[in-house]
Amino acid sequence: MKVHFKLGFALGAAVLPLSAGWLPAHASTLSATAEDMSTVTPPAAAGDPQVSQHATKIVPLALGQKRGYETWQPLADDGITLALNYTGEAAANATGGLERKAAYTGQIYVGADLDFEKIAGITGGGLHLAITNRHGQNLSQIAIGNNTSVQEVWGTQNTHLAILTWEQKLFNNALDIEVGKSQANIHFLNSPIYCNFQSNSACGNPTFVFKNSNFTYFPASSWMAHAKVTVADNWFAHAGIYEVNPNRKRADDNGFSLSFKGGTGFIVPYELGYASDFKTDRLPRHYILGGWIDRGDYADPLRDDRGGIAILSGRPAATLKGRSGLYVRFDQMLTRPDMNSHRGLSVFGVAMTNLSGRVEERHFLELGLLQTGTFAGRDRDTIGFVINQQSFSDLAMARMQAARISAGGDGNIRRDQYMMELAYGAQIGPAIRLSPNIQYILHPDQTGAPFRKTHIGNALVFGFKFTIDAPTLIAMAHRD
Numbered sequence: 000m001k002v003h004f005k006l007g008f009a010l011g012a013a014v015l016p017l018s019a020g021w022l023p024a025h026a027s028t029l030s031a032t033a034e035d036m037s038t039v040t041p042p043a044a045a046g047d048p049q050v051s052q053h054a055t056k057i058v059p060l061a062l063g064q065k066r067g068y069e070t071w072q073p074l075a076d077d078g079i080t081l082a083l084n085y086t087g088e089a090a091a092n093a094t095g096g097l098e099r100k101a102a103y104t105g106q107i108y109v110g111a112d113l114d115f116e117k118i119a120g121i122t123g124g125g126l127h128l129a130i131t132n133r134h135g136q137n138l139s140q141i142a143i144g145n146n147t148s149v150q151e152v153w154g155t156q157n158t159h160l161a162i163l164t165w166e167q168k169l170f171n172n173a174l175d176i177e178v179g180k181s182q183a184n185i186h187f188l189n190s191p192i193y194c195n196f197q198s199n200s201a202c203g204n205p206t207f208v209f210k211n212s213n214f215t216y217f218p219a220s221s222w223m224a225h226a227k228v229t230v231a232d233n234w235f236a237h238a239g240i241y242e243v244n245p246n247r248k249r250a251d252d253n254g255f256s257l258s259f260k261g262g263t264g265f266i267v268p269y270e271l272g273y274a275s276d277f278k279t280d281r282l283p284r285h286y287i288l289g290g291w292i293d294r295g296d297y298a299d300p301l302r303d304d305r306g307g308i309a310i311l312s313g314r315p316a317a318t319l320k321g322r323s324g325l326y327v328r329f330d331q332m333l334t335r336p337d338m339n340s341h342r343g344l345s346v347f348g349v350a351m352t353n354l355s356g357r358v359e360e361r362h363f364l365e366l367g368l369l370q371t372g373t374f375a376g377r378d379r380d381t382i383g384f385v386i387n388q389q390s391f392s393d394l395a396m397a398r399m400q401a402a403r404i405s406a407g408g409d410g411n412i413r414r415d416q417y418m419m420e421l422a423y424g425a426q427i428g429p430a431i432r433l434s435p436n437i438q439y440i441l442h443p444d445q446t447g448a449p450f451r452k453t454h455i456g457n458a459l460v461f462g463f464k465f466t467i468d469a470p471t472l473i474a475m476a477h478r479d
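Residue numbers (numbering that gives the first Met the number 0): 0 to 479.
Note that these hints are calculated values from the structure, not bench results. Built from N, CA and C at the ideal position, the CB exists for glycine as well. Any given hint could be a false lead.
What the hints assert, rightly or not - Quick list of in silico lysine-lysine cross-link-like pairs, BS3-like style, CA-CA up to 27 Å: (1) K56 x K117; (2) K56 x K278; (3) K248 x K320; (4) K100 x K320; (5) K320 x K260; (6) K260 x K278.
Stated by the list, open to error - Here are the simulated distance ranges between beta carbons: (7) S312 x A250: 33 to 43 Å; (8) I141 x R478: 41 to 51 Å; (9) Y68 x R314: 47 to 57 Å; (10) N411 x S340: 43 to 53 Å; (11) M338 x V228: 25 to 35 Å; (12) S340 x L74: 28 to 38 Å; (13) K278 x I141: 40 to 50 Å; (14) P245 x M338: 49 to 59 Å; (15) T453 x S340: 23 to 33 Å; (16) L421 x D304: 39 to 49 Å.
Required output: the full structure, derived from the provided sequences and hints.
Here it is, written out as structure tokens:
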């Protein structure tokens with residue numbers, strides 16, 4: 000039995016606000032097709048060290064960037080690979096919410112991978128760097144009132160150091176070490192399929208993990224550690240550790256601080272599963288069992304520091320420590336009519352639940368379909384539908400009921416919020432991708448308007464997402 004190890008070590012992590020709820024903000028950069036489905040990179044052949052293009056390929060894939068075209072890389076022979084792309088997301092609610100509005104948010108992503116085997120003769124060594132700039136508004140925050148954004152790329156609205164890591168492969172690629180500042184959500188609980196959509200309930204990561212834990216998310220960088228073992232190129236085990244530090248929640252945090260001051264603990268995510276890609280499987284698939292153990296401080300969803308109801312007393316929420324959760328997730332390509340093409344239909348799903356701690360939500364369910372290759376000659380276009388359910392805990396229900404009753408309303412709070420999206424991804428030449436989408440929120444929660452006397456109306460949202468990749472544009476110009 001052939002065994003490959005992937006191990007990373009570091010300290011630190013941070014948690015940022017609603018944006019994770021990825022992100023990517025959890026965090027996307029571009030959209031991906033079924034050809035990019037693999038979230039487990041096949042190990043390099045023994046004796047052939049290969050430093051991964053972590054910041055310019057692997058991470059953008061996990062965050063939604065499309066790959067497969069020639070890009071302009073003037074320093075590739077010197078061991079330096081570059082990335083520069085822009086993602087924009089617009090959204091407007093035609094019905095429902097608190098009021099009718101439109102919002103736009105965008106992200107500039109700059110990345111570089113330095114292969115120190117070429118640069119300095121350090122076999123298997125590499126440095127990875129990424130910086131983002133995010134700007135704009137969040138429609139859910141200013142107009143809908145619910146707890147999950149309809150624009151995934153919103154969050155951490157500044158210029159931010161997103162990735163700064165060192166990678167070292169050793170022992171004929173049996174050991175792969177990555178050390179530095181990064182995020183849990185680009186290492187765990189992600190798939191390139193997710194960011195074919197714009198809703199933050201699905202794209203970057205299923206939003207439940209950010210509501211119920213200190214899971215860190217892109218681009219809020221933190222000192223981190225993670226370890227992966229891949230067996231026979233398909234079965235794997237993966238675990239990590241990330242510091243929990245409330246200072247990383249500050250709006251003025253730019254990710255460049257190296258301080259551990261203010262840390263309150265750590266979170267340990269883990270995954271066990273089976274993964275294949277187009278190189279190893281006719282119908283690529285991922286079946287994964289995962290979870291987290293959170294030993295950082297968190298705010299009680301109901302009680303204040305004196306045992307009262309925090310939303311009524313105005314006092315600080317009680318500070319607690321210790322939560323955990325579990326999930327299963329999968330994606331499976333169902334059809335592939337032509338083995339020389341990646342056209343085909345894939346299904347994906349997620350089920351998540353809380354195991355311990357006083358938390359905001361009790362479970363999360365998601366199911367979706369993605370067709371890669373739509374009309375004749377449109378092999379890289381996609382059309383997909385996703386629906387998910389967020390089910391609030393008894394503690395969150397008690398808080399929302401108390402707030403509404405105090406405002407003169409009744410206590411008839413709806414427990415479950417459903418978010419769904421229909422999205423089409425159109426590849427306009429190698430460098431540009433457009434993705435119009437329609438989203439619907441059934442039973443929006445009232446996180447943004449807790450003292451409202453009546454339900455927030457179901458929201459119909461029209462969205463538009465686009466991505467532009469600069470190195471691909473330049474490569475096209477050079478060919479011409």
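Now for the hints, and whether the structure bears them out:
| no. | hint | result |
| --- | --- | --- |
| 1 | K56 x K117 | holds (18 Å) |
| 2 | K56 x K278 | holds (17 Å) |
| 3 | K248 x K320 | holds (17 Å) |
| 4 | K100 x K320 | violated (39 Å) |
| 5 | K320 x K260 | holds (18 Å) |
| 6 | K260 x K278 | violated (45 Å) |
| 7 | S312 x A250: 33 to 43 Å | violated (25 Å) |
| 8 | I141 x R478: 41 to 51 Å | holds (43 Å) |
| 9 | Y68 x R314: 47 to 57 Å | holds (55 Å) |
| 10 | N411 x S340: 43 to 53 Å | holds (52 Å) |
| 11 | M338 x V228: 25 to 35 Å | holds (31 Å) |
| 12 | S340 x L74: 28 to 38 Å | holds (33 Å) |
| 13 | K278 x I141: 40 to 50 Å | holds (45 Å) |
| 14 | P245 x M338: 49 to 59 Å | holds (51 Å) |
| 15 | T453 x S340: 23 to 33 Å | violated (51 Å) |
| 16 | L421 x D304: 39 to 49 Å | holds (45 Å) |
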